[in-house]
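Undergrad: Each chain, letter by letter, is given below.
Number of protein chains: 2
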Amino acid sequence: MKLATLKDGSRDGQLAVVSRDLTSAHFATGIATRAQQLLDDWNFLSPQLEDLYTTLNMGKARHAFAFDPRACMAPLPRAYQWADASAYPSHVRRVLHARGAEVPAGLLQVPLMYQGGSDDFLGPCDDAVFADSAWGIDLESELAVITGDVAMGTAPDAALEAVRLLMLVNDWSLRALVPAEVASGFGFLQSKPATAFAPVAVTPDELGPAWRGGRVHLKVSTQVNGERLGEVESGAGMHFHFGQLLAHLARTRNVRAGAIVGSGTVSHDDEAQGVSCLAERRALEMIRDGQATSEWLRFGDVVRIEVAGAEGQSVFGAIEQRVRGAQAEGFGAVQAKAA
Amino acid sequence: MKLATLKDGSRDGQLAVVSRDLTSAHFATGIATRAQQLLDDWNFLSPQLEDLYTTLNMGKARHAFAFDPRACMAPLPRAYQWADASAYPSHVRRVLHARGAEVPAGLLQVPLMYQGGSDDFLGPCDDAVFADSAWGIDLESELAVITGDVAMGTAPDAALEAVRLLMLVNDWSLRALVPAEVASGFGFLQSKPATAFAPVAVTPDELGPAWRGGRVHLKVSTQVNGERLGEVESGAGMHFHFGQLLAHLARTRNVRAGAIVGSGTVSHDDEAQGVSCLAERRALEMIRDGQATSEWLRFGDVVRIEVAGAEGQSVFGAIEQRVRGAQAEGFGAVQAKAA
Numbered sequence: 074m075k076l077a078t079l080k081d082g083s084r085d086g087q088l089a090v091v092s093r094d095l096t097s098a099h100f101a102t103g104i105a106t107r108a109q110q111l112l113d114d115w116n117f118l119s120p121q122l123e124d125l126y127t128t129l130n131m132g133k134a135r136h137a138f139a140f141d142p143r144a145c146m147a148p149l150p151r152a153y154q155w156a157d158a159s160a161y162p163s164h165v166r167r168v169l170h171a172r173g174a175e176v177p178a179g180l181l182q183v184p185l186m187y188q189g190g191s192d193d194f195l196g197p198c199d200d201a202v203f204a205d206s207a208w209g210i211d212l213e214s215e216l217a218v219i220t221g222d223v224a225m226g227t228a229p230d231a232a233l234e235a236v237r238l239l240m241l242v243n244d245w246s247l248r249a250l251v252p253a254e255v256a257s258g259f260g261f262l263q264s265k266p267a268t269a270f271a272p273v274a275v276t277p278d279e280l281g282p283a284w285r286g287g288r289v290h291l292k293v294s295t296q297v298n299g300e301r302l303g304e305v306e307s308g309a310g311m312h313f314h315f316g317q318l319l320a321h322l323a324r325t326r327n328v329r330a331g332a333i334v335g336s337g338t339v340s341h342d343d344e345a346q347g348v349s350c351l352a353e354r355r356a357l358e359m360i361r362d363g364q365a366t367s368e369w370l371r372f373g374d375v376v377r378i379e380v381a382g383a384e385g386q387s388v389f390g391a392i393e394q395r396v397r398g399a400q401a402e403g404f405g406a407v408q409a410k411a412a
Numbered sequence: 074m075k076l077a078t079l080k081d082g083s084r085d086g087q088l089a090v091v092s093r094d095l096t097s098a099h100f101a102t103g104i105a106t107r108a109q110q111l112l113d114d115w116n117f118l119s120p121q122l123e124d125l126y127t128t129l130n131m132g133k134a135r136h137a138f139a140f141d142p143r144a145c146m147a148p149l150p151r152a153y154q155w156a157d158a159s160a161y162p163s164h165v166r167r168v169l170h171a172r173g174a175e176v177p178a179g180l181l182q183v184p185l186m187y188q189g190g191s192d193d194f195l196g197p198c199d200d201a202v203f204a205d206s207a208w209g210i211d212l213e214s215e216l217a218v219i220t221g222d223v224a225m226g227t228a229p230d231a232a233l234e235a236v237r238l239l240m241l242v243n244d245w246s247l248r249a250l251v252p253a254e255v256a257s258g259f260g261f262l263q264s265k266p267a268t269a270f271a272p273v274a275v276t277p278d279e280l281g282p283a284w285r286g287g288r289v290h291l292k293v294s295t296q297v298n299g300e301r302l303g304e305v306e307s308g309a310g311m312h313f314h315f316g317q318l319l320a321h322l323a324r325t326r327n328v329r330a331g332a333i334v335g336s337g338t339v340s341h342d343d344e345a346q347g348v349s350c351l352a353e354r355r356a357l358e359m360i361r362d363g364q365a366t367s368e369w370l371r372f373g374d375v376v377r378i379e380v381a382g383a384e385g386q387s388v389f390g391a392i393e394q395r396v397r398g399a400q401a402e403g404f405g406a407v408q409a410k411a412a
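In order, the protein sequence lines correspond to chains V and G.
First residue of the first sequence: 74, per the numbering used here; consecutive thereafter.
First residue of the second sequence: 74, per the numbering used here; consecutive thereafter.
Just to be clear, a hint being listed does not mean it is correct.
[As the list claims (entries may be wrong)] Only pairs whose alpha carbons sit at most 25 Å apart, straight line, appear in this in silico SDA-like list of lysine to any residue:
1. V/K80 / G/S387
2. V/K292 / V/Q386
3. G/K80 / G/T96
4. G/K80 / V/L118
5. V/K292 / V/Q346
6. G/K133 / G/F117
7. G/K80 / G/S119
8. G/K80 / V/F117
9. G/K80 / V/K292
10. V/K80 / G/T96
11. V/K133 / V/C198
12. V/K292 / V/C198
13. G/K80 / V/Q386
14. G/K80 / G/R107
15. G/K80 / V/Q110
16. V/K133 / V/H99
17. V/K80 / G/K133
18. G/K80 / V/G221
19. G/K133 / G/Q386
20. V/K80 / G/G221
21. V/K292 / V/T96
22. G/K292 / G/A228
23. V/K292 / V/G173
24. G/K80 / V/C198
25. V/K80 / G/L118
26. G/K80 / V/N116
27. G/K292 / G/S387
28. V/K80 / G/P229
Calculated from the structure, these hints are not laboratory results.
When you get a sec, could you build the whole thing from the sequences and use the hints?
TA: Right, here's the structure in full:
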């Protein structure tokens, strides 16, 4: 099943079922109006949405309409939790190596994970607005899960059972703001602005055998201004699977329905596959040439992130965002989204 | 106006207005059923609740009932954001000094702030359940605000205008898990389990002149097993006011209605006032005696946190929680709270 949330001027948008080929959609009205409502009561509501999904895919849904990713908010426009890991050791090793820093001893034993802001997610085609291009604007292509309830102390395999939906993420990062926040020990805050999500969230069964061992085994394609940054296999290099990441998060507290847990930047040891963020490209340049030549993103740049399924079809739809300066956006003005 | 959320078996509970003296309450049914709904549409809904509050205080509300803090969830039972600062330099200085660590150069220039988990808050009288008493269980008495929308880049004074409600917080901390998470640079995660809140959230006008300069000027009283840990003046030692904390959080992203921002452990240079967490008491012992003699909390200990107003009345109601071992609670079982 594929789900999206369409903009309707409210903070939570309208939940819709989207056809497998991403061409048509149907509002979930009568079953659930908001994505969080579905997650709060998954076992009761999801079978009804699955029925609608089947009807929609057969072309028999009564009020289907053309699906437009530009009308999408994030599949879950605001969440009660967004915890993002760094589960690809090749990403961590490259970035630290380039910096001349030591790789932490526990890298393969204990997941790195930070708590992110989840009150103001961006839709797949929303502009990414920043006040200062000197902040080191970077993208990060990641995968994420939305969970059901996970009780404190749940083991990794049991936690994996709580995965409800998979998503594709652009975890915007401001690299120039990272060092001070890491040094403080309090972790990322200003260096992690609003996160963006691909148009549809999908149930794991949509991936068939590409969802196995708690990992997505597909290629994450990342482009900047139409130029390939990477086409990176997302399964092989993911050291901790999503059940392990969830169990880590749930070690000392309950994780509640609708929590989002991210994989961290998708990465693979094979350099020919490219990378999923500019920081890692710059790290490879430094390791190889002694200096980084790639620049951070500039205002006007366009980022595109997509994942192709086994038959080449787009699984989550594409994230396609333009980087914009805050002045041009009327910096300081909140968009009126009041429900 | 004073507001609470009463347990009704759902994830969000039922919003209620509570009388100034905390003796009676009235459901907000017909105006708003959930606290987030109020925050999403504050300007339209809050005047209606204020009217109900006035009627309730006059003893003329039609369906008033006795207010029972034990029936309360957190005033906002789950939130889209919980960002907690460390705005009291005396707390930071003492803890770092005892550890032999250097006080960061920017302590008075840039707020320390971490992103917390906000999907599973505890009510004021809910047990605090932990799997292992060796984790260094500690309380932290803090104040917090719930905000309206704050646009990216908003200045401190303007951000202060977005403060909707004030709350009293117990920011449970697991001290033994802190060092590894601070060293990773990714910040607190497992070391910050579910946070608890006093029964009622109050509008700033409830505090009269005790709310000034973006700070609460009252005494935060903290007890462990009935013994005084501190009675600490909350205004004088708070270096950054809530508008500055909010502006820090909103520097690179929009902050949306219903975000909670905390002050960090309330602290004052005057040692006679005591402290608001055991870590700080242990730090003072180390500085004075060369070793810490106070122990962390044990299963069965009871923590009580309260704030008295100018006339001695309880402003937020009391947080009164028992520390419990996970085994005794049926560790691993999520309470059925599905809506």
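Undergrad: So, for every hint listed, does it hold in this structure?
TA: Here's how the hints hold up against the structure:
1. V/K80 / G/S387: With a Cα-Cα distance of about 44 Å, the restraint between V/K80 and G/S387 is violated, given a limit of 25 Å.
2. V/K292 / V/Q386: holds (12 Å)
3. G/K80 / G/T96: Holds. G/K80 to G/T96 sits at ~17 Å (cutoff 25 Å).
4. G/K80 / V/L118: holds (23 Å)
5. V/K292 / V/Q346: holds (9 Å)
6. G/K133 / G/F117: holds (23 Å)
7. G/K80 / G/S119: holds (21 Å)
8. G/K80 / V/F117: holds (22 Å)
9. G/K80 / V/K292: violated (46 Å)
10. V/K80 / G/T96: violated (43 Å)
11. V/K133 / V/C198: Answer violated: V/K133 to V/C198 is near 29 Å, above 25 Å.
12. V/K292 / V/C198: Answer holds: V/K292 to V/C198 is near 21 Å, not above 25 Å.
13. G/K80 / V/Q386: violated (46 Å)
14. G/K80 / G/R107: holds (11 Å)
15. G/K80 / V/Q110: Holds, at about 18 Å.
16. V/K133 / V/H99: holds (11 Å)
17. V/K80 / G/K133: violated (43 Å)
18. G/K80 / V/G221: holds (21 Å)
19. G/K133 / G/Q386: holds (22 Å)
20. V/K80 / G/G221: holds (21 Å)
21. V/K292 / V/T96: holds (22 Å)
22. G/K292 / G/A228: violated (28 Å)
23. V/K292 / V/G173: Violated - the C-alpha atoms of V/G173 and V/K292 are around 30 Å apart, more than 25 Å.
24. G/K80 / V/C198: Status violated; Cα separation ~39 Å.
25. V/K80 / G/L118: holds (23 Å)
26. G/K80 / V/N116: Holds, because 22 Å separates the two Cα atoms, which is no more than 25 Å.
27. G/K292 / G/S387: holds (11 Å)
28. V/K80 / G/P229: It is violated: about 31 Å lies between the C-alpha atoms, which goes past 25 Å.
When the structure is compared with the earlier hints, violations turn up for hints 1, 9, 10, 11, 13, 17, 22, 23, 24 and 28 and for no others.
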